[in-house]
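2 protein chains.
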Amino acid sequence: MQLFYLADLSDSTFEFTEDESKHCIRVLRKKKGDELTLIDGKGTEAKGIIEQDNPKKCSGIIVAKTHHQRNKNYTLHLAIAPTKNFDRIEWMLEKIIEIGVDEISFIETNTSERGKINSERCNKIAVSAMKQSKQYYLPKINGITSLKNFLKGCETTSSKFIAYCPTPVTQTLFNQIPLPMPSHSILLIGPEGDFTQQEVEEAISLGFKPVSLGSNILRSETAGLVGVTSFANKAQTT
Amino acid sequence: MQLFYLADLSDSTFEFTEDESKHCIRVLRKKKGDELTLIDGKGTEAKGIIEQDNPKKCSGIIVAKTHHQRNKNYTLHLAIAPTKNFDRIEWMLEKIIEIGVDEISFIETNTSERGKINSERCNKIAVSAMKQSKQYYLPKINGITSLKNFLKGCETTSSKFIAYCPTPVTQTLFNQIPLPMPSHSILLIGPEGDFTQQEVEEAISLGFKPVSLGSNILRSETAGLVGVTSFANKAQTT
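The listed protein sequences derive, respectively, from chains V and Y. Taken in order, the first sequence gives residues 24 to 261; the numbers are from our numbering. Taken in order, the second sequence gives residues 24 to 261; the numbers are from our numbering.
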């Protein structure tokens with residue numbers, strides 16, 4: 024089933040962006056009268072009928088709407104220092120969204136290599152991964168912020184983890200996630216050169232638990248993947 | 024700590040390939056008399072001293088050897104139908120080797136899109152990921168084979184799983200891996216269009232257990248990643 028994304032489905036009509044119009048009419052060869060499945064990334068699934076099969080501005084009417092609950096019993100906010108080669112983060116973004124994550128932040132640390140991210144591109148990847156994996160919720164992607172600022176904003180969340188290589192391997196993230204699953208969790212992944220001792224100590228003083236991701240040394244983006252999958256697996260523990 | 028790979032460390036001297044020589048002498052600027060850490064991908068770690076710092080043929084003597092045990096209490100053989108865009112599989116290879124896998128096979132199925140793989144390139148990725156993640160064992164990478172032939176070769180392994188989208192999400196791989204960890208397991212991941220019903224039935228008749236990887240639809244290479252991480256997580260269950 025092909026899904027089409029439109030951020031606002033509150034109306035009884037729809038009009039696609041130029042990109043989505045082109046994809047719908049030129050690539051998928053949809054025509055006037057065809058039925059489409061639309062999602063808004065906030066849980067709404069709508070049935071739409073094309074009235075104008077214009078490849079630059081496809082529009083139509085909405086004939087039915089249903090609301091989907093989230094398919095996970097937890098939310099996860101991943102905060103990661105972007106890698107020098109941003110391709111690696113883009114790959115990771117696609118993968119972790121397929122697997123299941125709710126919010127992503129990019130963090131500038133003392134040793135991180137990159138201070139800019141392309142938010143528009145990240146959002147495109149997120150929409151595409153959501154559609155591809157047949158999900159109804161679009162993760163929120165935040166711009167880049169300093170570690171200091173990020174930590175300040177985490178005060179009210181109690182389930183907080185910081186992946187840090189020197190942590191004993193007996194203390195893995197997977198084992199440290201409590202059951203039943205905490206409703207909101209934050210996982211912080213460091214840059215290619217890892218966090219500094221001072222950064223980790225600051226996070227710990229603010230309630231973050233240091234965790235290991237196993238005995239192998241993982242690249243930043245692999246650490247992100249393993250972190251998100253560890254939450255998904257823990258939630259499956261019977 | 025930088026690791027250098029040489030398939031055979033049984034001798035008391037070493038001589039690098041042209042690639043590894045160039046990397047060692049030109050890129051890392053190592054010189055005659057410098058000490059290096061060498062691994063053979065079979066558990067051996069050796070201390071070597073450079074005698075000839077030739078950027079095309081770096082050689083030297085081995086002064087000490089230690090043997091490392093595997094750092095996992097299970098072995099995992101991942102068999103996957105290669106994706107049309109092989110970049111996706113190459114990227115997955117790097118990631119699953121970082122996370123921990125012992126053997127990888129490429130499978131041709133009824134609906135798979137690609138019949139060829141570049142074994143040399145796959146092996147280079149494997150060596151690089153092993154060194155990067157500071158592991159001492161190189162996974163074995165097999166060429167492409169038909170699903171039929173692959174299944175025939177799995178008879179003696181009792182812990183076998185086939186990821187198949189229509190499997191109920193209550194029956195996830197993570198939950199189906201028994202504890203204590205089976206010493207050898209095989210995980211079979213289908214092509215972009217999934218296995219056919221007939222292929223799955225054949226695998227089941229040969230002892231494969233159908234498993235789900237959760238409620239989201241995952242791309243093939245994401246399924247491989249989640250599968251390998253599920254084994255790693257299960258082994259961490261206390």
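Just so you know, not all the hints are guaranteed correct.
With a straight-line Cα cutoff of 25 Å, these simulated SDA-like cross-link-like pairs (lysine to any residue) come out [claimed, not checked]: (1) Y/65 <-> V/238; (2) V/45 <-> Y/107; (3) V/65 <-> V/98; (4) Y/154 <-> Y/29; (5) Y/154 <-> V/147; (6) V/157 <-> Y/220; (7) V/147 <-> Y/220; (8) Y/79 <-> Y/56; (9) V/80 <-> V/49; (10) Y/107 <-> V/52.
Output of the computed footprint for chain V on chain Y, the stretches with three or more beta carbons under 8 Å from beta carbons of chain V [what the hints assert, rightly or not]: (11) 119-126; (12) 208-214; (13) 227-240.
Listing some non-contacts, in silico: residues in chain Y with all C-beta distances to chain V over 12 Å [what the hints assert, rightly or not]: (14) 32; (15) 35; (16) 110; (17) 166; (18) 169; (19) 245; (20) 257; (21) 258.
The hints are simulated quantities; they were obtained by calculation from the structure and are not laboratory data. Every residue, glycine too, gets a C-beta built ideally from N, C-alpha and C.
Structure-based check of all given hints:
1. Y/65 <-> V/238: 17 Å, holds
2. V/45 <-> Y/107: 24 Å, holds
3. V/65 <-> V/98: This hinted pair holds, its Cα atoms lying about 14 Å apart.
4. Y/154 <-> Y/29: Holds, at roughly 11 Å.
5. Y/154 <-> V/147: Since the Cα atoms of residue 154 of chain Y and residue 147 of chain V sit roughly 34 Å apart, the hinted pair is violated (cutoff 25 Å).
6. V/157 <-> Y/220: 22 Å, holds
7. V/147 <-> Y/220: Status violated; Cα separation ~34 Å.
8. Y/79 <-> Y/56: With Cα atoms ~17 Å apart, residue 79 of chain Y and residue 56 of chain Y stay inside 25 Å; holds.
9. V/80 <-> V/49: Holds, because 12 Å separates the two Cα atoms, which is no more than 25 Å.
10. Y/107 <-> V/52: 23 Å, holds
11. 119-126: With 3 residues close enough to chain V, the hint holds.
12. 208-214: Our answer is that it is violated, as 0 residues pass the Cβ test (under 8 Å) against chain V, missing three.
13. 227-240: holds (count 4)
14. 32: 21 Å, holds
15. 35: Holds: least Cβ distance 29 Å, greater than 12 Å.
16. 110: 10 Å, violated
17. 166: 25 Å, holds
18. 169: 28 Å, holds
19. 245: 5 Å, violated
20. 257: Its Cβ does come within 12 Å of chain V, the nearest being 8 Å, so this is violated.
21. 258: With a cut-off of 12 Å, residue 258 of chain Y comes too close to chain V, as the shortest Cβ separation is near 9 Å.
In summary, the structure is inconsistent with hints 5, 7, 12, 16, 19, 20, 21 from the numbered list given earlier, while agreeing with the others.
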